[in-house]
Amino acid sequence: MKYKIDSNQIQEDLSWISHPPSKLWWSWIIFLLLCIAIGMYALYLQIAEGHIVTGMRDNVVWGIYIANFIFFLGLSYAGAIIGAFFHLFKVPWRRPIIRISSLIAVIGAIVGPVFILLCIGRLDRLHYLFIHARIQSPIIWDVFAISTYIVAAILFLYLGVIKDFAVFRDSSELNFSRWRRKFYNLMAINYQGKEEQKIIINKTRNLLAIILVPMVVIISSILSWIFGMTLRPGWHSTIFGPYFVLAAIYSGTGAIIVAMWIFRKMYNLKKYFTDRHFVYMGVVLIILGTGYGYFTFSEYLTSWYASDKWDSELIDKLLDPEYYGVWFFISNVLGILIPIIVMVFKKLRTPGLITLASVIVLISLWIKRYLIVVPTLETTLIPIQDIRPEYLFYSPTWVEYALTLAGFASFFLFISLASRFITIIPMSELAEEGGINIY
Amino acid sequence: MKSEKCGCSGPSRRDFLKTGVVALCGAAACGCSGGSNLLKEEEKIKLLSPDGELIEVARSQIGPAVPPVGKLEAREGIPGRKFVMVIDLAKCNNARKCITSCQKMHYSPSDVEWLQVKLMKDNDQASPYWFPKTCFHCDNPPCVKVCPVDATYKRSDGLVLIDNDRCIGCKFCMAACPYSTRVFNWTEPELSEEAKMCSYSPEASVPAQEGTVEKCDFCPDMARLGELPDCVTSCPNGVFYFGDENEDTVTNGEETVRFSQLIKDKAGYRYMEELGTKPRVYYLPPTDRIFPVERGLENVESDPLREMFKDIIDGSPTI
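Top line first, the protein sequences correspond to chains A and B. Counting in my numbering, the final residue of the first sequence is number 439, and the numbers go up one at a time with none missing. Counting in my numbering, the final residue of the second sequence is number 1319, and the numbers go up one at a time with none missing.
The set of hints was computed from the structure by calculation and includes no laboratory data. Predicted, not measured: the structure shown is a model, and the values here were computed from it. Just to be clear, a hint being listed does not mean it is correct.
With a straight-line cut-off of 25 Å between C-alpha atoms, the simulated SDA-like cross-links for lysine to any residue are [claimed, not checked]:
no., chain 1, residue 1, chain 2, residue 2
1, B, Lys-1097, B, Ala-1223
2, B, Lys-1154, A, Ile-135
3, B, Lys-1071, A, Arg-125
4, B, Lys-1121, A, Leu-392
5, B, Lys-1196, A, Asp-124
6, B, Lys-1154, A, Ile-120
Covered stretches of chain A, as calculated for chain B (at least 3 residues, CB under 8 Å) [to be verified]:
no., region
7, 55–62
8, 121–132
9, 136–142
10, 389–402
11, 407–415
Sample of chain B residues facing chain A (criterion: CB under 8 Å; computed from the structure) [said to hold, decoys possible]:
no., residue
12, Arg-1166
13, Cys-1167
14, Phe-1172
15, Phe-1184
We put the beta carbon where it would ideally sit given N, CA and C, even for glycine.
Construct the complete structure from the given sequences, taking the supplied hints into account.
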């Protein structure tokens, strides 16, 4: 028995998945591989010569790597919670978005943790995290949290794609090479569209979605507690848990919008990612953005007003244009106001501008993570009194930039490759629901 | 106190420990603080050095070899002890002997300071003072809480130590320590031949390992021999008092005093008590100082750093 979807229209729209990729696509992949190669060379240097090749020193012991770590995990967590939330509440326009968001969830969760490994001085002893695990340490909480979460995120994505794999396996219209058919055959795990199979998939997905929503809240908080549990100004704050949860989902919503825009352009998916999808996601973006803005304001206002010695030293650095003032303005003012402005005026509510606002959100949230990590570490409770500039201020070296670039390149590479193996639109689910006109 | 103390006794002793050869201070180790003993004619004894050479060593320099304690023992602590340190800020003139002797003892390069002397000024009106800072070996240590692999731990005798064979180098303890006590080996440490020969124990913290965290350890290996840490004995002004809270006694090598009485009489305090870390290091306030603070500038070798300190002394910037 062959599993077929009813709508030939959807299959036709997505038939590019079986076509050979264009030259442009290949050059994009080669470009990404080049970036990763540069990163690999930087990694080799860092392993061969030690962490001395980075800008990190005894005071600023964590730098841009940790900022990237939080950034990618934030995107990932957002992908997972948005996918799960939309699924649970059966948001009518969810279908095309859930696939992208679960993809971002999985890929972010693969790329993010690599950056924490880059901070570890003794990678040869990494297994100590398991054999000598000490449950009191927030890092161990994070190890357990992230590894549990990756499994859940992969399962949630996979369960959503099984039906499509079955279509690819059986479709005579789509021209796949033999090995790809074999791959789809394997991945479809004998899905035949039987009623009981459908029920199993639905039940498991529902269950996973129910687990994922609170799980993301918990693991984002755990991530924040790596900072919140210390006695350092700017970190030791009760707001940090919920703050990280909101910041993660806020940035990830931006990432989903940008991905929607790129895929819509690249594969001509205007029918699936409609202008309304962009507006709806824009609404999600400003709801989260205002919440995030409120937290930001509350966080900085309280520490500035009470003006505890260390807090005010930190705030002074953050506001001073000669230190972090410009970055502070971009991340805490522009990153919050621009999406609001774009969404408030009806004329501005176009897919292009909403995407642009999302790009600004992503940039400012990356900067925000840098501003969380570095200035606090530069604000020691006992004066540093050192004349070596690298002990006073952190500035990333090319090695760190190269590895950051490689991290972003891997993220794009994985997404690009994934979009060639599975359609970015869940075709069978859309077909089950009666074609494109799902509203 | 051992009378034949010589500035280099630490290193030599440590390297001989490994091979089990008996000796405290090699004759080659000389030129140090009070080397007068070495100049006296004494009975020499022939010994086989670790390199297989026959050497002659004065009888007074020889003592029983003590092997470093094992990993498990180094986690337990010395039974019945509760180490404590008192630092008298009225006596410090930034002589920096504590720093250099500590570096020598642990074979650290000159830019790695487990012990630092800061110039502090509490407010605009207050006059500045020199502030030696060791690891505080907190009773509620923020660093130990966060270690994911139990590489840094608290012992029954109050010490916070690091097992460098266990440390994975995540640096979380460094971020968590509010006193910036810990240092990281950012690259392969350049070890002297002697340092390489030492067998590692968390009590001796030698040799250093790349990609791991290290810090002041209060020299428990010295305590096991009944000796004081080198920072205490090398200080020309008797700033550091080291001792046992259980015995209620601390000594700076010259005078031995009741710990509780000293704290009561001189209004001893712990730095940043409000953090709740419960340090095991107490400070005596810098009142009735025996040196003008400017004296400390003489020992600052780097010009820019001296300028920086001068600005703090002359100017108003509160730190």
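Going down the list of hints, with the structure as the test:
About 20 Å separates the Cα atoms of Lys-1097(B) and Ala-1223(B), which keeps this hinted pair within 25 Å; it holds. At roughly 16 Å between alpha-carbon atoms, Lys-1154(B) and Ile-135(A) fall within 25 Å of each other, so this suggested pair holds. At roughly 17 Å between alpha-carbon atoms, Lys-1071(B) and Arg-125(A) fall within 25 Å of each other, so this suggested pair holds. Using a Cα cut-off of 25 Å, the hinted pair Lys-1121(B) and Leu-392(A) holds, with the two alpha carbons roughly 19 Å apart.
Only pairs whose Cα atoms come within 25 Å are accepted, and Lys-1196(B) paired with Asp-124(A) is accepted, the gap being roughly 21 Å. Using a Cα cut-off of 25 Å, the hinted pair Lys-1154(B) and Ile-120(A) holds, with the two alpha carbons roughly 23 Å apart. Counting residues of the region 55–62 of chain A whose beta-carbon sits less than 8 Å from any beta-carbon of chain B gives 6, enough to reach three: the coverage restraint holds. Against chain B, the region 121–132 of chain A contributes 7 residues with a C-beta closer than 8 Å to a partner C-beta. That satisfies the three-residue criterion, and the hint holds.
Check result for the region 136–142 of chain A against chain B: holds, 5 residues qualifying (beta carbon to beta carbon below 8 Å, three or more required). Only residues whose beta carbon comes within less than 8 Å of a beta carbon in chain B count, and the region 389–402 of chain A has 0; fewer than three means the coverage is violated. For the region 407–415 of chain A, the assignment as covered by chain B is violated, since 0 residues bring a beta-carbon within under 8 Å of that chain's beta-carbons and 3 are needed. The beta carbon of Arg-1166(B) comes within 7 Å of a beta carbon in chain A, closer than 8 Å, and the hint placing it at the interface holds.
For Cys-1167(B), the interface hint holds, since its Cβ comes within 8 Å of a Cβ in chain A; the closest pair sits about 7 Å apart. With a least beta-carbon distance of about 6 Å to chain A, the hint placing Phe-1172(B) at the interface is held under the 8 Å criterion. Satisfaction of the interface hint for Phe-1184(B) is found here, the shortest Cβ-Cβ separation to chain A being roughly 6 Å, below the 8 Å cut-off.
Hints 10, 11 from the earlier list are contradicted by this structure; the remaining hints agree with it.
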